[in-house]
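Visitor: Sequence:
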Amino acid sequence: MTGAAERSAVFSDVDETLIRVKSMFRFLEFYLRTRGEPPATYDRLTGELRAAALRGVPRAEINRRYYRLYRGERTQRLAQAGRRWFTAEWQERTEGLYVPEVEEALGVHQKSGQPLILVSGSFFACLDPIAEDVRADQVLGTRPAVRRGELTGEVLAPMIGATKGRAVRIAAAVRGFDLAGSSAYGDHLSDVPMLEAVGRPVVVGDDEELTAHALRAGWARMLTGAPR
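Following the working numbering, the numbering of the sequence shown begins with 601 at its first residue and continues without gaps.
The hints are simulated quantities; they were obtained by calculation from the structure and are not laboratory data. You may find that some hints are simply not true.
[As the list claims (entries may be wrong)] If you anchor each label on the Cβ, the simulated ranges turn out as follows:
#1 Arg668 - Glu796: 26 to 32 Å
#2 Val657 - Ala780: 31 to 37 Å
#3 Ala688 - Arg748: 41 to 47 Å
#4 Val657 - Ala820: 29 to 35 Å
Even glycine gets a Cβ: it sits at the ideal position worked out from N, Cα and C.
Model the full structure from these sequences, guided by the hints.
Guide: Rendered as structure tokens:
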């Protein structure tokens, strides 16, 4: 492993980029079900979040509200539930959990010697088993605040939008990555700051707003067969 391969990295969003689903919502549904909550509880909680999004509440604030749902939950219990959720997703999906085109592309980067860094608004319960499975070198996710082993309901900073871009730049500075030679994959307009941070951005899927931005910027696009 030499030269540019050592100095560059590949950054990837997770939900609906690397994996086919929104991990935060899928995990919440799984977690509530394992706690014995009726389906109506999940419908009510996610309905409130979606209604706020439709009213124009910023994506970062929606992210904060999501994590308030876990106030008082123990980190160990969530981590264990996350591993069970990951296994259940694979058992339920005959087509697999990963978007095959993205999984293959990231694998090519890794084989060339580039570290894979996942960048996501999701959190450890969802991201840790995914990161282990794809052999990610690092995870930059939303970090819930924890006190005495329990989530407080607040987060240090939602890994959304501009925060993604800053996190990529900080990781590059700390680890000595050449961002001009690095790649990033994302599927949503909120991924633009991360994509702008690297020299080789790749837009995944067919989100209209992000596609328009990609066409203006001359970015690479990757169309996938994953339903949206």
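Visitor: When the hints from earlier in the document are held up against this structure, which numbers fail?
Guide: Of the numbered hints, just 3 does not hold.
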